[in-house]
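Sequences listed follow chains A, B and C, in order. The numbers in my numbering rise by one with no breaks, and the one at position 105 of the first sequence is 105. The numbers in my numbering rise by one with no breaks, and the one at position 245 of the second sequence is 533. The numbers in my numbering rise by one with no breaks, and the one at position 63 of the third sequence is 692.
Hints in this document: simulated from the structure, not taken from any laboratory. Here a beta-carbon is modelled for each residue, glycine too, at the ideal position from N, C-alpha and C. One or more of the hints may lead you astray.
As the list claims (entries may be wrong) - Restraint-style ranges between C-beta atoms, simulated for each label pair:
1) C/Tyr926 / B/Asp447: 50 to 56 Å
2) A/Thr151 / C/Asp874: 53 to 59 Å
3) B/Pro448 / A/Arg85: 57 to 63 Å
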Amino acid sequence: MDLSFVIFVEVLYGVASLVLISAGLAVVFGMMKVINLAHGEFMMMGGYATITAVGYGVNVFVAMLIIAPLVVGLIGLVVERLVIRHLYGRLIDTMLATWGLSLVFIGLATMIFGNTTTGISTPIPGFAFGGYQVNGYNFFIIIVSILLVITMYAILRGTRAGLIARGTMQHSDMASALGYSSDRIYMMTFFCGSALSGLAGAVLAPLVGLVPTSGGAYIAKAFITVIAGGPSLIAGLVSSATSFGLVSQFFTFTISPVIGEVALLIAAVILLRTMPKGITGRFFKGKL
Amino acid sequence: MSRRASQDVTITLVVSAFLIWFLPLMISTYTLTVLVIYGMLGLSLGLIWGFGGILCFGQAAFFGLGAYTYAITAINIGESTLPMILAVLVPAVFAALLGAMMFYGRLTDVYLGVITLVVTLILFKFMNSTAGPQYAIGNARLGGFNGIPGFQTLNVPGDPSAYIWGDTYFYVCALALVIVFLLVTWLLRSSFGRIAVGIRENEVRMGLMGYNVAARKTMLFAIGAAIAGLAGALFANWGEIVTPNLFSLGQSAEIIIWCIVGGLGTRFGPIVGAAGLAYLKFMLGQQSMIDNTLIMGLILVLFVLFLPRGLVPAIETLLNSIIGHKKRKPKPHRMRRARHG
Amino acid sequence: MSLNRRELIGGAAALSTAAMLPQAAMAADTIQLGSILDTSGIFDAYGKPMDQAMRLAVKEINDAGGLLGRQVKVAAYDTQSDMALYSQYAQQLTRQDQVDVVHGGILSASREAIRQTMRKTKTLYFYNVQYEGGVCDRNIFVTGVTPAQQVEVLVPYAMKKSGPKVHILAADYNYGQITARWIQKFVEENGGEVVATDFFPLDVADFGSTITKIQQTSPDLVFAPLVGGAHLSFFRQWSAAGMKDKIPLASTTMGVGNEHKVLTPEEGNGIMVAYNYSQELGTPANIAFKAKWQAEYGDTTAIHELAVSTYQGIMLWAEGVRKAGSIERDAVVDALETGVSIEGPAGKVTIDPQTHHATVDVHIMEFESQGMTVIETLPQRAPIDTQAVCNLQANPDDNTQYEIEI
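So here's chain A without its partners, still in its complex pose (with noise of 0.2 Å):
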């Protein structure tokens, strides 16, 4: 009864942890039809940013919840203006720059941080579960993305931003013609992808150690998740999320953590054989 309830957990924080890495390049390529591949070094430099925060004395929670995601934010807000906005329409091209992007941004962290491995420790302490003790900081991330997932649903679902960005989504011809910049929606929209990764990057600093080259383990997972997803933003994110998660954390369990990453992988291209258009290309179309 122990186990089962530890490992529900430990599959649960498989699931949030995919949803919470996959967030902010889902918004950018579902909204934008652009694939972020510096996606990895924006939680790099999210991890990074916590960091150097907590280093000048501030409350772990807020450079994680409130800095990181404003810093790198405002960084992919810049990369947005010199780069992408060129670019838009060239989806190729625009994986292409962001993937030199990346490489910069690895370049540079390296020369501002050095590249020993750093790191904070986790804020909220392990606790004992009948026989079993669990990761305290699953719980958060869990919320985290809970949290995260309802927000997103209820700003689209619910603002006058979100009508104008679905519409954007469907028609920006359209939503342009109806005089809405879409210029300044793109902005706006990679301003908030590039925050949810800082986010992301953040929320995950503490469990893992921390190098310039960190983010190249995200870019990949987070890659297939939203491929696989496919068109429709929320329900796509949380339900290729899950059947990776599943998949992944049961291998993990019966036989060993490769295992689970090599079954994600297969999985993944099973899945993308049988619906090419991703799973909300066939299940739930016309959702969020």
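Position chains B and C relative to chain A; hints supplied.
Here is chains B and C on its own, set in the frame of chain A:
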């Protein structure tokens, strides 16, 4: 295509003969060899991406597969001829299976990219976790992260003790590249190549005209993989060690960067891009002023922004405008990047 | 026909190139020391301090009048964590620069990529890194510690402090696999039992399921030879789950790249390790070394085990050259094989003539507020693992990396 085939072949032969004579005066042949090999690898992606419109994020998978096939069979056989042949065939067959799965499933664009990326990752992860003694094929231990060292290197066919190495090996590789280049030229001039370009431009149209699009794409994909496999085997011979790094995302990324910088939709561009950037990387390693990752990243961003068609087409345009050559050949590199990317 | 002609021209060109090269290389009568290290890319956390240590050692030699009255000149290349560049720069160093000795290589794969080139070109090669052991080649000297040197002393100590049931978590590559086998051997010899062994590729960063699994096997001690930034997550997640005060940890790798300075004291304190070097060593030699480093680079926090091995490797080579009175490879090898030793920052280091590995002092240490406190020093531990398979005195032509059967 305005230039006649014989003209094309002559120019290729003259230029490559000149380069093969001239370059060793400037750069050591050992470094040149790897530039030639990278050139071949660049050409393999340049063929399927530039002329077939197939963006493969996992060209490194075929490169690595070729290298590993060579290393494993060379250890078991102790002679290099059959391993060389297998190193071309295994990636080709693998690509044919993978390609059939993708193209008959009508996967395109980004989805294609994701699948090839994932397959590369799987190979990479698998190879990385084979350090234990239970992972062995015949006498060859797969070695995991550390890779496989110490296999039989290239020898004169039939005589395992007559090694081909040093300068001779450079000439072998250069010759191989020239042959592959001519084969690619021939392929693109044949109806197969023209139909491939047709598919790149408009898949539906070619399908409606009665061509079996999936089969043709699969075939082109396999040919590209065969070339990459050959490059991999040559690389294994050059480095005398194969490691899972050959499968890494970084390696795949580099191949794509070579194509973009050199010029997509040209035959020569990817080769120039590959050799040029690899040499740049080699030169950068001799200084410690600036972080090298940063420079490579900047190059890529600047190229995408300011020279998205790549070096070779840009230079061609420049030359044409200087000479005032009005009769330009209809450019194969006027591919519609907007559609594929 | 045209092919033959081209080959002929090419051959002539190559000949003329070959004739041009030595002129450039032999310009000055300095001693050339080649260095190949990853000072950028993912392994630079190891490589940069090694590079600094190398330059510090050379500077020290030169300030003292050089070797045999000649100055030592460094030819250093940054391999950018790319294995293909190792092969290229090895060729560059041996054929173009024609250096007298090469120090370098970090990962075992990088060493294997260049070792044969060094052997073929008769260039003396020093590999100054802790590694899995077993390399048997007269042309190479290894100054880092090997698993048996560490595990032999660490296992009994750790088991005495905790208990007989051990769970092993090792990095899934050559080093981890071999170290895990040594741990198993010494655990059993000390009357203990290995309840489980798990291997993790170097990019695994999520250890949640593993921590649950460990609680199921409920061992008395967790032995964790994990490697690199991603694996550091284990120690963090272990502490976050509140396991740290329940089951003690021991490692043979944690701290090699100064990882213990990243963990907070709460996360790190009490982890048991065994190394050749610790910044906290209070010996006069180490204090002097740190002062020199401070004067040169302004900050000593970057010094780690591998940097000190590199420093000691260069000093051993210099000692060999002095003793031989020559920089000829065979003369230097013969001199080193007499069992040359130096007093390095980490204590006495002696070349073991039989294996070309090093006999070193091993210190059992525990992490304490981001430092390594020395508990016990075991002087002059021989590389017993490599000795079991390698005897270069009997077979000087050996050229293999043995997988040591235990």
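Evaluated hints:
Checked against the hint of 50 to 56 Å, the pair C/Tyr926 and B/Asp447 passes, with Cβ atoms roughly 55 Å apart. Distance hint for A/Thr151 and C/Asp874: a CB-CB separation of about 37 Å, inconsistent with the stated range 53 to 59 Å. Checked against the hint of 57 to 63 Å, the pair B/Pro448 and A/Arg85 passes, with Cβ atoms roughly 60 Å apart.
The structure shown violates just one earlier hint, number 2.
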